[in-house]
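Work out the full structure: start from the sequences and follow the hints.
In order, the protein sequence lines correspond to chains A and B.
Per this note's numbering, the very first residue in the first sequence carries number 1; after that it's consecutive.
Per this note's numbering, the very first residue in the second sequence carries number 1; after that it's consecutive.
Calculated from the structure, these hints are not laboratory results.
In this text, a Cβ means the ideal position worked out from N, Cα and C, and glycines have one as well.
Accuracy of the hints is not assured; some may be wrong.
[To be verified] DSSO-like, lysine-lysine: derived pairs with alpha carbons at most 27 Å apart:
1) Lys102/A <-> Lys57/A
2) Lys102/A <-> Lys65/B
3) Lys3/A <-> Lys11/B
4) Lys56/A <-> Lys3/A
[Stated by the list, open to error] To list a few chain B residues with every Cβ distance to chain A over 10 Å, as calculated:
5) Val14
6) Gly17
7) Ser22
8) Arg24
9) Thr26
10) Ser28
11) His29
12) His41
13) Ala52
14) Asp62
15) Glu72
16) Ser82
17) Thr86
18) Ser94
19) Gly98
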Amino acid sequence: QQKVQQSPESLIVPEGGMASLNCTFSDRNSQYFWWYRQHSGEGPKALMSIFSNGDKKEGRFTAHLNKASLYVSLHIKDSQPSDSALYFCAVVTNAYKVIFGKGTHLHVLP
Amino acid sequence: EAAVTQSPRNKVTVTGGNVTLSCRQTNSHNYMYWYRQDTGHGLRLIHYSYGAGNLQIGDVPDGYKATRTTQEDFFLLLELASPSQTSLYFCASSAARGTEVFFGKGTRLTVV
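Okay, here's the thing in structure tokens:
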């Protein structure tokens, strides 16, 4: 059974700082990786995807994937208070399941 | 943007009662999912489906049944509800394997 683990559980960064979120997965056959963000009172919404090893940058957000190390990360540059949210790593298995980690609470302090 | 509509948004039921949560997506997505969200556990997959009449078991299926009656409609059934099923339930859909998953606004279920 695919296991997706995220760290840290909670992260506090100052406005303008860099936030780094980590995610490990257990199934080496996993092919699709997403990051989702959930603000309080809402459903999760997709932030970005990464399917190939290496880095993918979208604005202030950079995702990194290393399939051999079973590791994916998200880095948020120039963090804003509006980035404060619950962030999920999601991994798609060969069985078409979409498995989410437990999430990282990000708090950006003005 | 893809629309996923859940009903009801809030529900209170008694232990042992029957509950049906409804979900409709209007984007012709093939895949639909039911998750529960609990503090400390994140989002856990209950059941999912990749087409009308298809049903796949997720990671926490005990106590839940699901039915996909049409391409658009996916239902989650709790027979003999228990307090441990008090949770925030999300329905979601996606077009194909590996594509973006779109979530509804959630149903908060309380079993007393």
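Cross-check of the supplied hints:
{"no.": "1", "hint": "Lys102/A <-> Lys57/A", "result": "24 Å, holds"}
{"no.": "2", "hint": "Lys102/A <-> Lys65/B", "result": "24 Å, holds"}
{"no.": "3", "hint": "Lys3/A <-> Lys11/B", "result": "31 Å, violated"}
{"no.": "4", "hint": "Lys56/A <-> Lys3/A", "result": "23 Å, holds"}
{"no.": "5", "hint": "Val14", "result": "26 Å, holds"}
{"no.": "6", "hint": "Gly17", "result": "25 Å, holds"}
{"no.": "7", "hint": "Ser22", "result": "16 Å, holds"}
{"no.": "8", "hint": "Arg24", "result": "15 Å, holds"}
{"no.": "9", "hint": "Thr26", "result": "16 Å, holds"}
{"no.": "10", "hint": "Ser28", "result": "17 Å, holds"}
{"no.": "11", "hint": "His29", "result": "12 Å, holds"}
{"no.": "12", "hint": "His41", "result": "6 Å, violated"}
{"no.": "13", "hint": "Ala52", "result": "16 Å, holds"}
{"no.": "14", "hint": "Asp62", "result": "14 Å, holds"}
{"no.": "15", "hint": "Glu72", "result": "18 Å, holds"}
{"no.": "16", "hint": "Ser82", "result": "23 Å, holds"}
{"no.": "17", "hint": "Thr86", "result": "18 Å, holds"}
{"no.": "18", "hint": "Ser94", "result": "7 Å, violated"}
{"no.": "19", "hint": "Gly98", "result": "4 Å, violated"}
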